[in-house]
Amino acid sequence: MNIDFEFLGDTLSKLLAAVPTTLGLFFASLIIGGLLSLVIVAMRVSPNWAVNRFARGYILVFRGSPLLIQMFLVYYGLGQFPAVRASFVWPVLREPYACAILSLALCTAGYTAEIIRGGLQSVPHGQIEAALACGMSRWTVLRRIIAPITLRYALPAYSTEAVLLVKSTALASLVTVWDVTGVAQQIIQRTYRTMEVFICAAAIYLVLNFIIVRALGMLEKKLSPHLRDRNGTAAKKSAPASASSPSSLKTATVPNTHIDS
Amino acid sequence: MNLVQLLGFGEQGWGGALLVALLMTVLLTIAALAVGAVFGAMVASAKLSRSRTLRVIGDAYTTLFRGIPELLIIYLFYFGGSSVVTAVGQFFGADGFIGVPPFVVGALAIGLISGSYQAEVYRSAVLAVSRGEIEAARAIGMSMPTMWRRVLIPQVVRFALPGIGNVWQLSLKDSALIAVTGLAELMRTSQVAAGSTHQYFTFYVVGGVLYLILTSLSNRVFDRAEARIGRSFRGTLARH
Numbered sequence: 037m038n039i040d041f042e043f044l045g046d047t048l049s050k051l052l053a054a055v056p057t058t059l060g061l062f063f064a065s066l067i068i069g070g071l072l073s074l075v076i077v078a079m080r081v082s083p084n085w086a087v088n089r090f091a092r093g094y095i096l097v098f099r100g101s102p103l104l105i106q107m108f109l110v111y112y113g114l115g116q117f118p119a120v121r122a123s124f125v126w127p128v129l130r131e132p133y134a135c136a137i138l139s140l141a142l143c144t145a146g147y148t149a150e151i152i153r154g155g156l157q158s159v160p161h162g163q164i165e166a167a168l169a170c171g172m173s174r175w176t177v178l179r180r181i182i183a184p185i186t187l188r189y190a191l192p193a194y195s196t197e198a199v200l201l202v203k204s205t206a207l208a209s210l211v212t213v214w215d216v217t218g219v220a221q222q223i224i225q226r227t228y229r230t231m232e233v234f235i236c237a238a239a240i241y242l243v244l245n246f247i248i249v250r251a252l253g254m255l256e257k258k259l260s261p262h263l264r265d266r267n268g269t270a271a272k273k274s275a276p277a278s279a280s281s282p283s284s285l286k287t288a289t290v291p292n293t294h295i296d297s
Numbered sequence: 021m022n023l024v025q026l027l028g029f030g031e032q033g034w035g036g037a038l039l040v041a042l043l044m045t046v047l048l049t050i051a052a053l054a055v056g057a058v059f060g061a062m063v064a065s066a067k068l069s070r071s072r073t074l075r076v077i078g079d080a081y082t083t084l085f086r087g088i089p090e091l092l093i094i095y096l097f098y099f100g101g102s103s104v105v106t107a108v109g110q111f112f113g114a115d116g117f118i119g120v121p122p123f124v125v126g127a128l129a130i131g132l133i134s135g136s137y138q139a140e141v142y143r144s145a146v147l148a149v150s151r152g153e154i155e156a157a158r159a160i161g162m163s164m165p166t167m168w169r170r171v172l173i174p175q176v177v178r179f180a181l182p183g184i185g186n187v188w189q190l191s192l193k194d195s196a197l198i199a200v201t202g203l204a205e206l207m208r209t210s211q212v213a214a215g216s217t218h219q220y221f222t223f224y225v226v227g228g229v230l231y232l233i234l235t236s237l238s239n240r241v242f243d244r245a246e247a248r249i250g251r252s253f254r255g256t257l258a259r260h
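If you read the sequences in order, they're chains A and B. Sequential numbering from 37 applies to the first sequence in the numbering used here. Sequential numbering from 21 applies to the second sequence in the numbering used here.
It is worth saying that the hints were derived from the structure and are not from the lab. A couple of the hints might just be wrong.
[As the list claims (entries may be wrong)] Some but not every residue of chain B turned toward chain A, in silico, with C-beta under 10 Å:
#	residue
1	106
2	155
3	197
4	214
5	227
Glycine residues also receive a C-beta, built at the ideal position from the N, C-alpha and C atoms.
Looking at chain A on its own, in the form it has when it is part of the complex (with noise of 0.2 Å):
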């Protein structure tokens, strides 16, 4: 069986052409769908019950329904309406790469959102109540306690949500933009050769994915230094206990959560 490689080649260089787009769908609807996750589970958190009810509400549609239909929905549907094509929004609703972002970020929001909440959840309650205690504003104690530990929590689940965000960019082939899979699907009705066009296409996301999980996983060791293994712990435990007040008060918070967590 003679492999054609230059078919093989040409099939490649296609498919990496069209990575930024997937890249661009990618990191768009990420951040913007992030940024939105934080306002939905602030309002899922919030005592007010509207609030509390809207943001339940938004979690429970977008995390029970397709993001194939919630894509469609967007881009056709809300074309539909003449009221919408004349208002300012249109130049940009009316581009599928936009929509296709749109729809993914608000579908992202609802799952990162439940994520964050696990992590808000798991925030030992004794750590606020002694940060409040000492005298510590609520933004102190959201950006010195909650957020950290919160964060932590949520790394290994984000980075299953970021993978599976990286698959659902491929939906955006379905609404015409030219993502990977889309310039994939392309070349099989062209050519008729599924095989080699689909192991390219899929090399390509494994490896995509592959890098985001390293990048999280870096992300997490970063982040939590204090449950590394580190050698001669034990000297280096003793010094920064003897040391002035300042930087004791900083490593204070390091054997705390430690013993809690």
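Since chain A is already given, all that's left is putting chain B on it; use the hints.
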């Protein structure tokens, strides 16, 4: 045409078609879950085995089917399968494009994908059974089938149920992608209805609502199943 006429069961109403499509989606997901259960059990046992080759194969399976977009896998199975069948048909003198049955191919594709998630669920469920029980069963001379029947299966089912509930929801939503093969499941029917009546918003909202009903009902069923199965485990030494 007002909303009731559009969605109703009259001559121009799409209500009947949508309900049939709903049924098709559920059947597709059940078939996919069954396929996935078979593959998931095999891969889970491969991952738990002592042989390193089997573990590598199991890991490769999960990495592939969790890392490649579902759409690409469906394209491979449907268009690739159809190319093979068309080539075979041409060899026998038939002409033109012969497609593989989309239900079978769709169930297979989603099944293999859900199999990779189910493998993880089964693997962690088996690992969660306390080793002491297995050792005790061996010590009193239980045969393997009896041990499976009395010790392992009840506990594995109990530990795996939340995970399987998740995989069911995942497969339900992935089944919407089978629309690209033309199978008349919920997504495709919504698409066709929207396209033919140009009421895109209406039909995609209705499709979304129907999916939401499916997922909410599934959630409730699984919650009750979990509560029922966990009855005998409350307050015992078992984890969770």
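To see whether the hints hold, each was checked on the structure:
Look at residue 106 of chain B: its Cβ gets to within about 8 Å of chain A, closer than 10 Å, so that hint holds up. Contact between residue 155 of chain B and chain A, as hinted, is not supported at the beta carbon level, the nearest pair being about 31 Å apart and thus beyond 10 Å. Interface hint at residue 197 of chain B: satisfied, since its Cβ lies 6 Å from the closest Cβ of chain A, which is below the 10 Å cut-off. Satisfaction of the interface hint for residue 214 of chain B is found here, the shortest Cβ-Cβ separation to chain A being roughly 7 Å, below the 10 Å cut-off.
For residue 227 of chain B, the shortest C-beta to C-beta distance to chain A is roughly 5 Å, which falls under 10 Å, so the interface hint holds.
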